[in-house]
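Asker: Respectively, the protein sequence lines represent chains A and B. Its first residue numbered 1, the first sequence is counted upward by one per residue in the working numbering. Its first residue numbered 1, the second sequence is counted upward by one per residue in the working numbering.
Hint data in this document are derived by calculation from the structure and do not stem from the laboratory. Small disclaimer: the values here were computed from a predicted structure and weren't measured. All the pointers check out, no bait thrown in.
If you anchor each label on the Cβ, the simulated ranges turn out as follows:
| hint | chain 1 | residue 1 | chain 2 | residue 2 | range |
| --- | --- | --- | --- | --- | --- |
| 1 | A | L627 | B | T80 | 25 to 35 Å |
| 2 | A | D588 | B | I59 | 55 to 65 Å |
| 3 | B | M1 | A | L605 | 42 to 52 Å |
| 4 | A | R606 | B | M1 | 49 to 59 Å |
Even glycine gets a Cβ: it sits at the ideal position worked out from N, Cα and C.
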Amino acid sequence: MESPAEIVQHTAGGMIGASWLMIAFPLLGAAILLILGRMTNRWGHLLGVAMSLASFVVAVLTFLEIIGLPAEQRRQAVHLYEFIPGMVDMGLLIDPLSISFALLITGVGSLIHIYSIGYMSHDPERRRFFSYLNLFVAAMLLLVLADNYVGLFIGWEGVGLASYLLIGFWQFKPSAAVAAKKAFIVNRVGDFGLLVGMFIILATFHTLTFSELGKQIAEHPPSGGAVTAIGLLLLLGACGKSAQLPLQSWLLDAMEGPTPVSALIHAATMVTAGVYLVVRSGAFFFPPDSTQAIAVSVVGAATLLAGAIIGCAKDDIKKGLAGSTMSQIGYMMLGAGLGPAGYAFAIGHLITHGFFKADLFLGAGSVMHGMNDEVNMRKYGGLRKHMPITFATFFIGYLAIIGFPLLSGYFTKDGIIETAVHHQPILGWLAVLGAGITGFYMSRMVFMTFFGEKRWEKDAHPHESPAVMTWPLMILSIGALFLGGYLILSNRLYFFLSPAVGTAEATPEFDFASTAGLVTLALVAVGAGFAWVRYGRAEVPAVAPRGSFLTTFARRDLYGDALNESLFMRPGQWLTRFAVYFDNRGIDGLVNGLAAGIGGTSGRLRRIQTGFARSYALSILFGAALLAGALLLVGNI
Amino acid sequence: MTTHYLVLSGLLFAIGAMGVLIRRNAIVVFMCVELMLNACNLAFVAFARQNGNLEGQIIAFFVMVVAAAEVVVGLAIIVTIFRTRRSASVDDANLLKY
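My request is simple: use the sequences and hints to build the entire structure.
Answerer: Structure follows, in structure tokens:
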């Protein structure tokens, strides 16, 4: 078992030295589009795509330079400028972990940018949309590339802001505005955890820089309450961004944004931030049997089941996919909680998920594009002949996500399941169960959308989307086909990542015939078969049947919103009501009472001013007499 | 000797003050004010004579000058008020109040 390699200060220039361009390009794009405003309406989307692609090119070149270095020198810190004097210098950490994320973010992000040209072509605000997309990519890149927690936090908040802007992009819809606010507020809860975790790190280690932390932890492996607290607080942060229980509620509502946003949030950015945080902070989740590490796995396992169950009951194609995102991120968290043994599979699943989930979401967007923005799957059906490319790519994404043998998802998800069964048997078998449910709900989605009878609205004329939308789909589906096998077989990703995240006791071996793997396949087959019986062969009712209480339970997102409402919203309302009452009656009462008292008294005193000069003269006389009397009484004059 | 002057001065002052307080006619009130001033003048002059220096007498002159100036301004006001309101009563000029 080896800890991560030491971080080297990068001195020579080269692509690594210029890696800040990766963040600068999309940031510049966002700035230009936002500052110049309507002037850029005609070419704004092209600039957005160009900036994203430029960032991708920088990422690829940096990646090539990294793999040219010997393994122990692959962690390079690039100093940029002094940020908070004496505490934090802003810099970038270019290592296998961050560059993997950067490639995913810029690569899949660029494809989503290209797709959006077509998807948003009828929207008058397309230019603003692209500026937010660029901002999103820039913030996410800062998050994964920063070499300290402060930079990470800035990116973290930037992602939150960009997601708020994008989810609420159609803010004229009240539901979108509310969803954006909800995402922002739920994320604040997680941000609070991250922030307090950072405070404790700073108090314990007196630094927030990854390289310094790494050195200190290597010299004196930390232990005790502080580390547990740090781990649990960072986990809270990760739960917020990655939509894990108990902070999952924003993700399903986030579907109010335009579909490419959902793809961006779910595949390339945002929700992966939590997994990144846990893996990057691996030292605080060590050893894998510590409280905080187990907490990560438990949260992951619980969420993967919850997400899968929610996915089963949704008729809205995007919400179904959102449930599946929760579930898949749950797998990643489960893997990330297992320590270095699980990191490679977690990150691998993150990357392949980035591809097939973007593929699925963009495919769903393509379907909606052809169906007048209808999202209810009960009004789809039989679309495979009308949208052949969308169907083919969606189907590949579907096979990948359910873990069809030899596709991307099979390798990475199975890897997580096997590792989990080995280290945390109970959670591992729950993950196996979750895979079976995945097989059911994803098959249900495919059967309801592309197979069976037409259940369209009268004015629906489904048509294949333009090439600018189908090409990204095809590229993504190639990733969904082969990427997993490439990364996992012969442990390519494991050895690539090991300088950044450390190695496990035993090098993981992908086993094609493990018990858990076979059971998983069997369960997935059962799930898919059940879905075929219910939704493929049988007629799908156009109106959702009432269903059992379990269906209702899943449709209502496992009562997550109801729970939040009764636990936090109502007491919060009581608190504000009390505060308003206290403010009105208590504080205002005091101030107003004082003012009224003084006003009343002066109103009485005012009556002395009668306007009769003679009465004033009388009071002057009395005053003079009084004064003279007093002087006489005192004597000496 | 001085005592008699002072008693006279006090009596004149008291008469003047009473007049200011109880008379309504502005002209009479004005004359009463003059009476009070001159009562003070009498006291000043009496003390000056008793002490054998001129300071009291000088102050008396100052008082006269001030009284003359006051008469000029005061009478002008009274005349103006009378012209506008056809009344010289101080009680009628009571608009400046709460």
